[in-house]
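Listed here are the chains, written in short residue letters.
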Amino acid sequence: MPQHLIALPILLPLVGALGLLLAGKASDTTHRRISVALTVALLVISLLLLKRAAGGELAFYALGNWEAPFGIVLMLDRLSALMLTLTATLALGCVLFACAGDDTRGSHFHGLFQLQLVGLNGAFLTGDLFNLFVFFEILLLASYALLMHGGGKARIAAGLHYVILNVAGSALFLVALGVLYGATGTLNMADMARRIAAMSGDQAALVTAGALLLIVVFSLKAALLPLYFWLPRTYASAPAPVAALFAIMTKVGLYAILRVQSLIFVDSPAAAAIEAWLWWSGLATIVLAAVGVLAARDLRPLIAYLVLVSVGTLLAGTALGTPAATTALLYYLPHTTLICGALFLIAELLGQQRGKAGTRLVRARRLHQRFLLGGLFLVAAVGVAGLPPLAGSLGKLLLMQATEGSARLWLWPLLLLAGLCALIAMSRAGSVFFWASYKGEVATGKVSRAQLAGVVWLLASAPVLVAFGGPISAYTQATAQQLADPQQPIVQLFGEPSAAQAATFHEINGEAP
Amino acid sequence: MEALFSLVVGVLTASGIYLLLRGRTFPVIIGLAMLGYAVNLFLFSTGGLNTHAAAVIGESLTPTDPLPQALVLTAIVIGFAMTAFVVILAIRARSELGSDHVDGQQGEEGDAR
Numbered sequence: 001m002p003q004h005l006i007a008l009p010i011l012l013p014l015v016g017a018l019g020l021l022l023a024g025k026a027s028d029t030t031h032r033r034i035s036v037a038l039t040v041a042l043l044v045i046s047l048l049l050l051k052r053a054a055g056g057e058l059a060f061y062a063l064g065n066w067e068a069p070f071g072i073v074l075m076l077d078r079l080s081a082l083m084l085t086l087t088a089t090l091a092l093g094c095v096l097f098a099c100a101g102d103d104t105r106g107s108h109f110h111g112l113f114q115l116q117l118v119g120l121n122g123a124f125l126t127g128d129l130f131n132l133f134v135f136f137e138i139l140l141l142a143s144y145a146l147l148m149h150g151g152g153k154a155r156i157a158a159g160l161h162y163v164i165l166n167v168a169g170s171a172l173f174l175v176a177l178g179v180l181y182g183a184t185g186t187l188n189m190a191d192m193a194r195r196i197a198a199m200s201g202d203q204a205a206l207v208t209a210g211a212l213l214l215i216v217v218f219s220l221k222a223a224l225l226p227l228y229f230w231l232p233r234t235y236a237s238a239p240a241p242v243a244a245l246f247a248i249m250t251k252v253g254l255y256a257i258l259r260v261q262s263l264i265f266v267d268s269p270a271a272a273a274i275e276a277w278l279w280w281s282g283l284a285t286i287v288l289a290a291v292g293v294l295a296a297r298d299l300r301p302l303i304a305y306l307v308l309v310s311v312g313t314l315l316a317g318t319a320l321g322t323p324a325a326t327t328a329l330l331y332y333l334p335h336t337t338l339i340c341g342a343l344f345l346i347a348e349l350l351g352q353q354r355g356k357a358g359t360r361l362v363r364a365r366r367l368h369q370r371f372l373l374g375g376l377f378l379v380a381a382v383g384v385a386g387l388p389p390l391a392g393s394l395g396k397l398l399l400m401q402a403t404e405g406s407a408r409l410w411l412w413p414l415l416l417l418a419g420l421c422a423l424i425a426m427s428r429a430g431s432v433f434f435w436a437s438y439k440g441e442v443a444t445g446k447v448s449r450a451q452l453a454g455v456v457w458l459l460a461s462a463p464v465l466v467a468f469g470g471p472i473s474a475y476t477q478a479t480a481q482q483l484a485d486p487q488q489p490i491v492q493l494f495g496e497p498s499a500a501q502a503a504t505f506h507e508i509n510g511e512a513p
Numbered sequence: 001m002e003a004l005f006s007l008v009v010g011v012l013t014a015s016g017i018y019l020l021l022r023g024r025t026f027p028v029i030i031g032l033a034m035l036g037y038a039v040n041l042f043l044f045s046t047g048g049l050n051t052h053a054a055a056v057i058g059e060s061l062t063p064t065d066p067l068p069q070a071l072v073l074t075a076i077v078i079g080f081a082m083t084a085f086v087v088i089l090a091i092r093a094r095s096e097l098g099s100d101h102v103d104g105q106q107g108e109e110g111d112a113r
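As you go down the protein sequences, you meet chains F and E in turn. If you count the first sequence from 1, position 274 lands on 274 in the working numbering, and the numbers rise without skipping. If you count the second sequence from 1, position 48 lands on 48 in the working numbering, and the numbers rise without skipping.
These are calculated hints, taken from the structure and not from any lab test. Quick caveat, the model's predicted, so the values are computed rather than measured. Don't be surprised by glycine CBs; every beta carbon is placed ideally from N, CA and C. It cannot be assumed that every hint is accurate.
Said to hold, decoys possible - Rough simulated footprint, nothing fancy, chain F against chain E, three-plus residues with beta-carbon under 8 Å: (1) 27–36; (2) 63–76; (3) 86–92; (4) 98–105.
As the list claims (entries may be wrong) - Calculated from the model, a selection of chain F residues having no Cβ within reach of chain E, i.e. all distances over 12 Å: (5) R105; (6) S107; (7) G430; (8) V432; (9) D485.
Bound-form chain F, shown alone (with noise of 0.2 Å):
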């Protein structure tokens, strides 16, 4: 059984979605039971596996027990252990905001829910190249139907930009994957990276091709500067636990960026070019973000631009480079998704006790329940502007003090106007919110107990994230190195490289088409 566990994480959700999506007569009730229960395994397995992978093991599961590099492998190490353990806190956070009522709002919703998990995890643990392409496409094809859940114009509209610009970027990842198939003649991450470092001349300017054109794709998925454009008016009319649930989907993009920067092209000639391409456009994603912060009109469209700002902060320390930068933007990561992902329920929930005026930032009747949802958007708005006490100023002197030399005049005034943007804009619409209001109050929209449940549970994590911030931060910092060392993992794969093999190695590439 132990070994089996690996695949856990993808087999679970995914034989619960078939299960949900054929018990599609069952009642709304046992559909609920049966997702909270799905993601709550989901969370124990995820936690399983990270107290496995803190060890420091690297583990490999050859699904149909084909050895690699003929069969695909599941790879289990510190930083996918990580991201699958902060999707499942997320993805309990939204389900049972969920159960509120949101889910019968169109069909299937559990069922998509837990099909769009397969997808994440899938691709946070596969350690083969085109079995990525087949998760992202599994994680988007869910996507798709849970952004139109419940219909409506904006939906729409926002759902054929996305799904448009998703298929394109399909297109140009399988071209990406065919480049460096034909030049490195492997899938498997491991492989090719063995075999790209013992490449010279015309192949290796093929690999800096393909894997320039991977990075353009993992950023659109991650949603850096010149392809972001998608991102504020998906994430705005996408519905609240959909829309928090999206916020881990910026980091499958950031994700694969780092393990492929990382694993695969480290030693290339295209890793410079990658590091430049990284460095500015994430500071350029960090301006153009923080300025759409300050012009958001819509506490949705403010949050999208605020779920920006992390990833522009975030691949800029991706474009360091060093242990200590990854270090602290491991930390930084899983605080900013969450209250992120927290952020776009509270929207929710102040939208419906607001009436017309939604979740725009005009002058509205008084809210309901306005000491609990001034607490609870006190809290994520601390968090989201990395104000000390809590895990996201931590996060940021982490990576301020990451930072060396001239790339510090450049990422410390960034980063600190960015914090001090969000600051004021989430001042100006908490004030909105909660002080200018007419006298009259509705008492519809009332906030239920599991969408207090959802929203509370995805808050917690950043007390919980400096209260635990020693050991979280060692664990950051050993899987840093473990992600310095990509020898590591080639190594247990195919064992101790030897001169003979080296020179066989460079022969089948000479003659690879």
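Given chain F, put chain E in place with the hints provided.
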């Protein structure tokens, strides 16, 4: 053969991208389909273009690489599902938004009719 093959892939990609940038949903969908064809052909060629090479190992001394065929098959299935989804979505958008423009608005400035 290589020149002809790459020409075909190139022309398909170029037409696909041109159509993808149009303002109405129908040309966009055709563009996506063409881009899909181009990508599938390209993937197919990544194992190397051979003539008289059997697809199955054992039938000939120089078998073709079977992996790109498997990849293309996967890509075709996924592309097929995506195209079907986009078509339905475009029809839904046409009926809900009252326009077949990708932005859901008719007659904007610079709009190619």
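Status of each hint after checking the structure:
{"no.": "1", "hint": "27–36", "in the structure": "holds (count 4)"}
{"no.": "2", "hint": "63–76", "in the structure": "holds (count 5)"}
{"no.": "3", "hint": "86–92", "in the structure": "holds (count 4)"}
{"no.": "4", "hint": "98–105", "in the structure": "holds (count 3)"}
{"no.": "5", "hint": "R105", "in the structure": "holds, 16 Å"}
{"no.": "6", "hint": "S107", "in the structure": "holds, 14 Å"}
{"no.": "7", "hint": "G430", "in the structure": "holds, 32 Å"}
{"no.": "8", "hint": "V432", "in the structure": "holds, 29 Å"}
{"no.": "9", "hint": "D485", "in the structure": "holds, 29 Å"}
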